[in-house]
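Chain order of the listed sequences is A and B.
Residue numbers for the first sequence follow the working numbering, beginning at 1 and rising by one.
Residue numbers for the second sequence follow the working numbering, beginning at 1001 and rising by one.
It should be emphasised that the hints constitute simulated quantities derived from the structure, not laboratory data.
All C-beta atoms, glycine included, are put in the ideal place defined by N, C-alpha and C.
Pair ranges (Cβ atoms, derived):
{"id": "1", "chain 1": "A", "residue 1": "83", "chain 2": "B", "residue 2": "1272", "range": "52 to 62 angstroms"}
{"id": "2", "chain 1": "A", "residue 1": "6", "chain 2": "B", "residue 2": "1140", "range": "54 to 64 angstroms"}
{"id": "3", "chain 1": "B", "residue 1": "1380", "chain 2": "A", "residue 2": "6", "range": "19 to 29 angstroms"}
{"id": "4", "chain 1": "B", "residue 1": "1135", "chain 2": "A", "residue 2": "6", "range": "52 to 62 angstroms"}
{"id": "5", "chain 1": "A", "residue 1": "8", "chain 2": "B", "residue 2": "1376", "range": "11 to 21 angstroms"}
{"id": "6", "chain 1": "A", "residue 1": "25", "chain 2": "B", "residue 2": "1010", "range": "49 to 59 angstroms"}
{"id": "7", "chain 1": "A", "residue 1": "6", "chain 2": "B", "residue 2": "1161", "range": "49 to 59 angstroms"}
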Amino acid sequence: MPYGEKIIDHYQNPRNVGSLDRNSPNVGTGIVGAPECGDVMKLQILVDEDDNIVDAKFKTFGCGSAIASSSLATEWIKGRNLDDALQIKNTDIVRELALPPVKIHCSVLAEDAVKAAIADLKAKRTRPSANAAVEVAITAK
Amino acid sequence: MQVYLDNNATTPLDPQVLVAMLPYFTEKFGNAASRSHRFGWEAEQAVETARQQVAELIGADAKEIIWTSGATESNNIAVKGVAAMYADKGRHVITQVTEHKAVIDPCKYLEQHGFRVTFLPVDRLGRIDLPQLIDAIKDDTILVSIMHGNNEIGTLQPLGEIGRICKERGILFHTDCCQTFGKVPIHVEEMGIDLLSASGHKIHGPKGVGALYVRRKRPRVRCEPVLHGGGHERGMRSGTLNVPGIVGMGAAAELCRLHLDTEPARVAALRDRLKDGILTQLDEVFLNGHPTERTPSNLNLSFAYVEGESMMMGMDDIAVSSGSACTSASLEPSYVLKALGVGDELAHSSIRFSLGRFNTQEEIDYTIGRVVGAVRRLRELSPLYEMAKEGVDLKSVRWAGAVSQPGIARDTGYSPGRS
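The following block holds chain B by itself, in its conformation from the complex (with noise of 0.2 angstroms):
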């Protein structure tokens, strides 16, 4: 069996979806910019649909989604957009250390042009203090961007009390809601949202198709594109349109939003599922992220004394991520699990489960099984595990990590505990 659990980072396109997104790679193939025939007309009614569909779920008008390539084009517009065309009224954004990259990135990009950005630190379970985000407003502010639900570690942030939080003090308010949208209610208005970023791939639609929502009332906001050509998508994104993508993602909203109020329940019941069958066979085996706060698709569990890609090895028909460094091309374990404090060594051994809408109980079954020998395979194979059973404080140990350059011979050993 093949057990697809990495859902957070992609999704299989739902076969329905596919079927909406076929005629318009074939005979509906015009140009949504084209006013002057039938084959312009048909694109363009089609992706105004798609646009329809996707601001529904949302609480939003359809004028005020903007089709991006993608998540991390949306937060890029959002992000360096905003503080282009606001830099007049202040040059202060506002996010968290455990945002994804693609909005931490823009952040930095900021900071080298001459803007002052604050990253919120986050608690244990990964939500920020609002207080502290409070704080942190200063008169020069002009954004704050704090995601929804993280995709590492799940935990939910307070969207609506952000929201009010920038409300009562004119600041605009950006959410990159890549893993809520589609799979947690969302309403921009009762939110407070003035922007919000989604992806078509993480709900069951196409890669390479994202939105943007851009708040037109109370307030109006704008944004300096990032691409600049035809002034497609009111000026803010040029560049023709993806039909067939956008008929998929507005397909893929339409089907999350019919089934908003059990499918993200039914999932939620399955990774409960997989939680409490790990649980009650292993010990030592830590949740990462909010106890109750987080999407209903995410599991991340710590696993003492095993590190992740060897746990992945030995269950390799099971697909999923680690937070582990030898996951990276950098040899850094997740930073988000690091902004948690949860303690290097167990970042290491990290596991990100991740379900969908295909998954079903016999899966979680399965995966259930291969997990608890993995894990009880590699715990006799682990000197960590040994030296636990034997009462060794493993917080007492000095450790020395591998110190000799490659081949070059060192003519000293290394203890713990020694020197």
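Chain A extracted, bound-state conformation (with noise of 0.2 angstroms):
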């Protein structure tokens, strides 16, 4: 299948890739997806005291179009408040990647990575002791 000149464009110069200190009380994390299914996201987020995300992290296991979808993500929330950010919906990243019908699930498993990293950064401040989600992740079975 030829792929879509803004996602070739998305995966070979992806941006924001990599990760912040999730142990830190202003990164939220988000990790979703499954090996299996073949597509897993960590999304991350770093919020200033007035909930503006300021920087945005991801890395992606998944297809060409499961990485430019979270790629696109990251570049989108960059400066959005975190009511703001809840806003994107993956129909918006379909339009803009244009991504094929056989692809929707990636721009889904965006918008999930976004509200999962919310979610676990709202998470920290209800309950400041509980671990980051990877850390959990470990000690899981």
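Work from the hints to combine the two standalone chains into their complex.
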């Protein structure tokens, strides 16, 4: 299947690849998907005291469209406040990247990753002792 | 550089084959069934020469070769044609889970029409268990259909032993040899094969032509036709013969036969060079299929923490295929890899490299560099690789897939291990 130009651009030059300190109280981490489904996205946000997203990073295991969707999501949420970031819909990502129908789930996952990162941040605030997502995963069995 | 390493899908036509075919499009255009003039005789002569060329490659008699449109049709005639012809004798067929769909689907068709089909499982290397085959044989078993070399993972089944088991019990043995015809020695007498499917375009011949070997002696095998019409091909396959295609398949088979002692070994050496070049530079790469009992052309590797389609995108000047779900419309990873127990995550990470006559060492060395570069880059992008390097046992993580509907917001996030 030939890929759209924007997908190729994000795949070849992904924005905001990397990781933030997941133990920081100002960092929210969302990990969505599953290896056996062929997609896992990790998306992290760093917020200031006014709940503005000052930085975002991602890492994605998945096809080119999944990588592009998460790259685009980090680009879009940077500079927004949390409530604003929650307004991002997967359909916006589908439109921007011109994803074909078979790749719509990639955009759903990116939207979920943003929401999961925000939820993680909010959970940390209500229960400051709760560890970051990945650390919980280490002990989970 | 553009490198074509998808020769298990199809192969480029050998220029020598094209030269042999060309006159049969234009001046020698006759219908091989026209018995009344020179044009027909000329075409018939060419078809019979090709029949001999194909027969010779598998130790058969030319009269035992039926021309078809390809291996899919050959498999359909073998499975459905034998079942229809021998239904009075029994209604049980045995095959295996890793067959090509061109055998699996005709078998499923039979199941809907009053037959029982046993789909034998395979081990981690892709081989069936012979005692299990013997156990599966019942009084009403009429046909065993087991492929020779698997198209995805390359694993070879022990045809000779399967043939002997079938012979001892008077059961017909069909084998899909699409991936081994012309590449691995095959002998229908020594291996006890009663029906054999082959394809033109997998051996640097043209598309749209295939052959079915149907044994004529000890026993004489009969098939109900799938296509009814003028009674061509001993009544088993009606339809005007595709003379240029048949000439091409014959010429391609002849080239394979002449170089059978050297060419498969050359291809296998290149394949091993590719494998070794990748494995010495990358960790956590796993071979799918049998390490030694495999077709010379096939290398199937799973690159942990990297998804197959993104890998292909990262080396788009290398033509390969993947068992990843993302390459199929169904969003299901390869059923062949699943049958090995490879695990869905490694099925998504699999790449099939398949070599052919025109691949060079230079191309292989170039490919090694491209593969290693793509995997390293994508692993840097992979959260799974990061977690694995941090010591997280990925199997202990409770993952959740995408659960929200497109366009419908969810108010709770997900993190592994939570809940």
